[in-house]
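Student: Protein chains in written order, with our numbering: chain A, 1 to 349; chain B, 1001 to 1229; chain C, 2001 to 2457.
Source of the hints: derived by calculation from the structure; they are not laboratory data. C-beta: ideal position from N, C-alpha, C; glycine also. There may be inaccurate statements among the hints.
Partial selection, computed: residues in chain A whose CB lies under 8 Å from chain B [as the list claims (entries may be wrong)]: (1) Ser34; (2) Pro35; (3) Tyr239; (4) Glu240; (5) Tyr260; (6) Thr268; (7) Val276; (8) Asn279; (9) Ala324; (10) Val327; (11) Gly328; (12) Val333; (13) Ala336; (14) Arg340; (15) Lys341.
Straight-line alpha carbon distances no greater than 16 Å define the calculated EDC-like cross-link-like pairs of lysine to aspartate or glutamate that follow [claimed, not checked]: (16) C:Lys2338 <-> C:Glu2371; (17) A:Lys344 <-> C:Asp2052; (18) A:Lys341 <-> C:Glu2371; (19) C:Lys2025 <-> C:Asp2395.
Here are the simulated distance ranges between beta carbons [claimed, not checked]: (20) A:Thr320 <-> B:Leu1126: 28 to 38 Å; (21) B:His1141 <-> A:Asp183: 51 to 61 Å; (22) B:Asp1038 <-> A:Arg340: 12 to 22 Å; (23) C:Arg2179 <-> B:Arg1034: 20 to 30 Å.
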Amino acid sequence: MSSPLLGEFLRSRGVTRRDFLQFCTTTAALMGLSPALLPRVAAALEQARRPSVIWLPFQECTGCTESITRAHGSTLESLIFQGISLDYQHTLQAAAGEAAERARETAMQENWGRYLLIVDGSIPTGNKGFSTVAGRDNLSLLQHVAGGAAAIVALGSCAAFGGIPGANPNPTGAVAVSAVVKDKPIINVSGCPPIPVVITGVLTQYLTFGKLPELDALGRPRSFYGQTIHDRCYRRPFYERGQFADSFDDEGARQGWCLYKLGCRGPTTHNACATVKWNDGTSFPIEAGHGCIGCAEPGFWDKGGFYQPLSTGQWGSARTLGMAVGVGTALGVASAALARKRQKDAEDA
Amino acid sequence: MSLLDFARGPALQWSLGIFVVGVLWRLLGVLLLRTRKDLSEPRRDAAWKGLRLIALRSWPRKEFLGGTAFGEVLGYAFHIGFLLALFFYVPHVLFFADIARGLFGTDLHGLTGLNWPTLPNGVVTLLSAISIAALVAVLIHRIVSPVKRLISNFDDYFSWLVTIAPLATGMAAFAHLGGWPYERLLAVHLLSAELLLVWFPFGKLMHAFTIFVERGSTGMLFERKGASL
Amino acid sequence: MTGTTPTPREPDPLEFDQPRVSIRKPEHRFDSQGETPDASRVERAMNSFVRDFGRTAAVYMESCIHCGMCAEACHFYEVTQDPKYTPIWKLEPFKQAYKREYGPFAFVYRALNLKPKVTVDELQQWQHLLYDSCTVCGRCSLMCPMGIDIASLVSQARHGMFKAGLVPHELAAVTERARREGSPLGATPKVFADRCEWLSDEHEVEITIDKPRAEVLCAMSSIEIMKYPESVVATARIMRHVGADWTFRLDGYEATNFGLLTGDAAAQKELTLKIIHAAVACGASVVVLPECGHAYTALRWMGANMYGKPLPFKVMHIAEFLAEQVRAGKLRLRKLGKSATFHDPCQLVRRGGAIEAPREVLQALGVELREMYPTKGANWCCGGGGGVVAIHRADELRHKVFKIKMEQIEQTGAELPVTSCANCRQTFDDGQAHFKWDKTMHSLLELVADNLVEAEP
Ligand code: HEM
Ligand code: SF4
Ligand code: SF4
Ligand code: SF4
Ligand code: SF4
Chain A
1 MSSPLLGEFL
11 RSRGVTRRDF
21 LQFCTTTAAL
31 MGLSPALLPR
41 VAAALEQARR
51 PSVIWLPFQE
61 CTGCTESITR
71 AHGSTLESLI
81 FQGISLDYQH
91 TLQAAAGEAA
101 ERARETAMQE
111 NWGRYLLIVD
121 GSIPTGNKGF
131 STVAGRDNLS
141 LLQHVAGGAA
151 AIVALGSCAA
161 FGGIPGANPN
171 PTGAVAVSAV
181 VKDKPIINVS
191 GCPPIPVVIT
201 GVLTQYLTFG
211 KLPELDALGR
221 PRSFYGQTIH
231 DRCYRRPFYE
241 RGQFADSFDD
251 EGARQGWCLY
261 KLGCRGPTTH
271 NACATVKWND
281 GTSFPIEAGH
291 GCIGCAEPGF
301 WDKGGFYQPL
311 STGQWGSART
321 LGMAVGVGTA
331 LGVASAALAR
341 KRQKDAEDA
Chain B
1001 MSLLDFARGP
1011 ALQWSLGIFV
1021 VGVLWRLLGV
1031 LLLRTRKDLS
1041 EPRRDAAWKG
1051 LRLIALRSWP
1061 RKEFLGGTAF
1071 GEVLGYAFHI
1081 GFLLALFFYV
1091 PHVLFFADIA
1101 RGLFGTDLHG
1111 LTGLNWPTLP
1121 NGVVTLLSAI
1131 SIAALVAVLI
1141 HRIVSPVKRL
1151 ISNFDDYFSW
1161 LVTIAPLATG
1171 MAAFAHLGGW
1181 PYERLLAVHL
1191 LSAELLLVWF
1201 PFGKLMHAFT
1211 IFVERGSTGM
1221 LFERKGASL
Chain C
2001 MTGTTPTPRE
2011 PDPLEFDQPR
2021 VSIRKPEHRF
2031 DSQGETPDAS
2041 RVERAMNSFV
2051 RDFGRTAAVY
2061 MESCIHCGMC
2071 AEACHFYEVT
2081 QDPKYTPIWK
2091 LEPFKQAYKR
2101 EYGPFAFVYR
2111 ALNLKPKVTV
2121 DELQQWQHLL
2131 YDSCTVCGRC
2141 SLMCPMGIDI
2151 ASLVSQARHG
2161 MFKAGLVPHE
2171 LAAVTERARR
2181 EGSPLGATPK
2191 VFADRCEWLS
2201 DEHEVEITID
2211 KPRAEVLCAM
2221 SSIEIMKYPE
2231 SVVATARIMR
2241 HVGADWTFRL
2251 DGYEATNFGL
2261 LTGDAAAQKE
2271 LTLKIIHAAV
2281 ACGASVVVLP
2291 ECGHAYTALR
2301 WMGANMYGKP
2311 LPFKVMHIAE
2321 FLAEQVRAGK
2331 LRLRKLGKSA
2341 TFHDPCQLVR
2351 RGGAIEAPRE
2361 VLQALGVELR
2371 EMYPTKGANW
2381 CCGGGGGVVA
2391 IHRADELRHK
2401 VFKIKMEQIE
2411 QTGAELPVTS
2421 CANCRQTFDD
2431 GQAHFKWDKT
2441 MHSLLELVAD
2451 NLVEAEP
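Next up, chain A with everything else stripped away, as it sits in the complex:
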């Protein structure tokens, strides 16, 4: 497949210079870049070659793909997405079977060492038959394709952390990309699913600067995952004042008070929902009245009930506490008795 420059491609699709700059501005702002860098971003994007991208879906629900393709019908993000030379994506591409696999092999050969690999879904490490593509098991396919990749984007919480397939009891032995591929740079774009602009933003960043963005300890781009939902949540003032909704239909909930007590994971979840929002910036879960369930964090499915407050500690039961009281009392009484006895012995001595 040919790979003209991105700028040309966009213009051929009728994108005006103005819209393009607007996109650059938004993306740069999202990435936390200074406005001074804007011309550079724009120039770099225009000149960028449409990179070859191979997308491998493994144990996934297609939510991530839905997120990026459906949510933003005709926006620039989706155009950018189209702008990349998506050489293999078996959910989206027309070709199937042998033809599709051949296309992948061709793209790999032509761009060996330079293509970007996007993975969504987790990789089963149990029975090889759990998940296969064209008769090939996920693990070996990943290892094969990763071999020629410049970098890997683990898209969505499944690819990034194991996600729902990896949740307890994890019947397929599902793991994250990073558990299997050790010798390639991996960008985790977590979320279940991730926010579309976050995906395109990361791609943009990669295209613009030709290098990986700065990552946090969990391999996520700091520019999008540097703050918690709670840090930027518009309900935060209620939290500070201790005004909490106690149920989903009480007065507090109607007043839009903080959802902490209803299990909101905002304080421990790093994602951009509170600022970027969903559905073209329409809203995000907390705005819709439901707490964050922490989908962008590892193991979010296994952290207790979604409606248990975050501060939950397992304090044990009143019975265990009662036992502690009993033991403490017994020891206290015994040590006092012992001391009295020593006293008596000393007196007799």
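Chains B and C with the ligands: place on chain A using the hints.
Tutor: Just chains B and C with the ligands now, with coordinates in the frame of chain A:
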């Protein structure tokens, strides 16, 4: 099990258990010792009035103020900061509410009949910072003052450490310090608080309980004699 | 430096020609008594210490937070700024022993050897801190933010030291003498009787001795008998003036109790019981104690506990007795018209609670009372209490402490320094001589006796 799960689960239960066992053990271990009835004729009958020493001794007599005011002010600074941050920071209150729910099936309001107030985060941050600064000053004072240095032992330094640790880790978690994932910071914060709970009954932190017994009994003893309080 | 008492040893000679009475400065000090092996000394000290322990002392031991504030209250620290004089540090070996032997976690401490066993060397070293440099004045007990009565712990520790046979030479000697002769400083019944007879002639005052039944039993301290005999006369005068039915008794006249100071509980009890039995024998309803602080503690606050039941009589310090007579209008006094300041004897005022009585008496004497700063409960100790004034090697330190007192008194500008404790008084006399100071301490008792207005016969 993640570190945070460990901190929230087994570590919490064990530290709370050890705390309860230790406090009762130590308190009962001394309170159940024998007492001798004082047969002397009291000067004042209402010895209980000596209980006022509990409040009275909260500030030194003016005669002693010169050499002790510095230490007292520092002491107040970190105690007030510590206690306010401990009991009135929103997540703490929710955490305690959770104990109440977990243990007694009712929230704090049901348990204490109080509408537990909370402090804005900014205030708590300031208080914690003051506490930390005061604690650092206390440590320096302990090291440079010949008297304090001489009479100090492991307990003094370790108790200092476990006191400042939750404050410091709490601030770190709040500020997302060190590039660690928030949950690890939170887990470390919880663990440091649990360390405090575990050490509490065995070191000098027990003064939080015994101080009332001591001041009270000395007060009553002295009041009975009409001696100076 | 210290040796073990060779037995038998000649009793140490007493010394009466000095500003303070003590035994003559020993050529060789014997600061440990008996021939016990070291290990059993420690054992005994700890046993005794443990035996005394009750709830209150245990709570005290549990909760010192090492804030060091007690140092600010102690005159020995004040004048030296030496951290070893920090009150609670004086108890360090005993604190260790408590944790190891007796506290709730004792077996943990023992099992892991967290607190090492106290050694005899440590105890010997601490003798200086527990005796020479603590007057058991209780000033520190007013400071401790935890409310620990540190002074009471020093007394307990002294019991241990006594059992270990690790008491300073002088205190051991006078206590031994007290048990043997009935008086620590040679005021034996015979000496006392002779003195009374002589004083009676000399001062033309009737001194009642051994009246079979009397309302009031008076006692004296040996310091008074041997050094300030005017106090004996003054007591007799005052008793006569107020028309009291009173007596001294040769089987219970000596209120000094070196058992208390030394830490010899048995001696303390023996000496206390003498007075109690004498009072019971003559059916007294009041025992009037002399101007002696620790005699007050010994009988007023500890007597009933030694006796095992409430005392069948009231115990009063002479200052309290005088105040009562003033209130009853029975004392007719000449107005002095001078300015005076009152030195508060620690055991009487701070720890004893007789705070206002001496001041009421001074009022009745018509003096202008100029309080020192600090005063009353917080007043500085003279530095000689708790047996310290008897210990020769403590002189230098005690004199340093005395400077505080001189300064305090100078600052009041008062003409008459007055106190109501013979032990304070001799400490002042000694300090006065040492510093060639121009102020002499007066006795409240003698001041009253000298200013009685007798009704025309
Ligand atoms: C609730 C009642 C409490 C009271 C009345 C109390 C009182 C005191 C006082 C009077 C002091 C001596 C002041 C000084 O040295 O400046 C002190 C020292 C201290 N307290 Fe507390 N306290 C309480 C609770 C606590 C708690 C909950 C902690 C920590 C968990 C704590 C930690 C400390 C520490 C570490 C010191 C020693 C400071 C040093 O190194 O000198 N206290 N406390
Ligand atoms: S709703 Fe959630 S994210 Fe928002 S303030 Fe409350 S706890 Fe934080
Ligand atoms: S609000 Fe929380 S759970 Fe919801 S999408 Fe954002 S990160 Fe995921
Ligand atoms: S009792 Fe008096 S002399 Fe003894 S340590 Fe306390 S303040 Fe010092
Ligand atoms: S003042 Fe009290 S708590 Fe402080 S060091 Fe002295 S005895 Fe300990």
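Student: Against this structure, judge whether each hint is valid.
Tutor: Now for the hints, and whether the structure bears them out:
1. For serine 34 of chain A, the shortest C-beta to C-beta distance to chain B is roughly 22 Å, which exceeds 8 Å, and the interface hint is violated.
2. Residue-level restraint check for proline 35 of chain A is violated (minimum Cβ-Cβ distance to chain B is 25 Å; threshold 8 Å).
3. Here the hint on tyrosine 239 of chain A is kept, as its CB sits about 6 Å from the closest CB of chain B, short of 8 Å.
4. This hint holds: glutamate 240 of chain A has a C-beta 5 Å from the nearest C-beta of chain B, less than the 8 Å allowed.
5. Annotation: tyrosine 260 of chain A was flagged as interfacial toward chain B, and the flag holds, the nearest CB pair being 7 Å apart, inside 8 Å.
6. At a threshold of 8 Å, the smallest CB-CB gap from threonine 268 of chain A to chain B is about 5 Å, leaving the interface hint in force.
7. Proximity of valine 276 of chain A to chain B is violated relative to the hint, the smallest CB-CB distance being about 19 Å (cut-off 8 Å).
8. Because the closest C-beta pair between asparagine 279 of chain A and chain B is about 27 Å apart, greater than 8 Å, the hint is violated.
9. Checking alanine 324 of chain A against chain B: minimum C-beta separation of about 4 Å stays under 8 Å; hint holds.
10. Given the 8 Å rule on beta carbons, the hint for valine 327 of chain A holds: about 5 Å separates it from the nearest Cβ of chain B.
11. Because the closest C-beta pair between glycine 328 of chain A and chain B is about 3 Å apart, less than 8 Å, the hint holds.
12. Here the hint on valine 333 of chain A is kept, as its CB sits about 6 Å from the closest CB of chain B, short of 8 Å.
13. Proximity of alanine 336 of chain A to chain B holds as hinted, the smallest CB-CB distance being about 4 Å (cut-off 8 Å).
14. Satisfaction of the interface hint for arginine 340 of chain A is found here, the shortest Cβ-Cβ separation to chain B being roughly 6 Å, below the 8 Å cut-off.
15. A least Cβ separation of about 11 Å between lysine 341 of chain A and chain B goes past the 8 Å threshold, and the interface hint is therefore violated.
16. The hinted pair formed by lysine 2338 of chain C and glutamate 2371 of chain C meets the criterion: a straight-line CA distance of about 14 Å does not exceed 16 Å.
17. Annotation: proposed proximity of lysine 344 of chain A to aspartate 2052 of chain C holds, straight-line Cα distance about 10 Å (limit 16 Å).
18. Between lysine 341 of chain A and glutamate 2371 of chain C the alpha-carbon distance is near 50 Å, which puts this suggested pair outside the 16 Å criterion.
19. Pair hint lysine 2025 of chain C plus aspartate 2395 of chain C holds up; C-alpha atoms about 11 Å apart against a cutoff of 16 Å.
20. Judged by the Cβ atoms, the range 28 to 38 Å given for threonine 320 of chain A and leucine 1126 of chain B holds: they are separated by roughly 37 Å.
21. Range check, histidine 1141 of chain B to aspartate 183 of chain A: about 54 Å between beta-carbon atoms, so the 51 to 61 Å window is met.
22. With their beta carbons about 19 Å apart, aspartate 1038 of chain B and arginine 340 of chain A fall inside the hinted range of 12 to 22 Å.
23. Remark: the range hint 20 to 30 Å for arginine 2179 of chain C to arginine 1034 of chain B is upheld by a beta-carbon distance near 29 Å.
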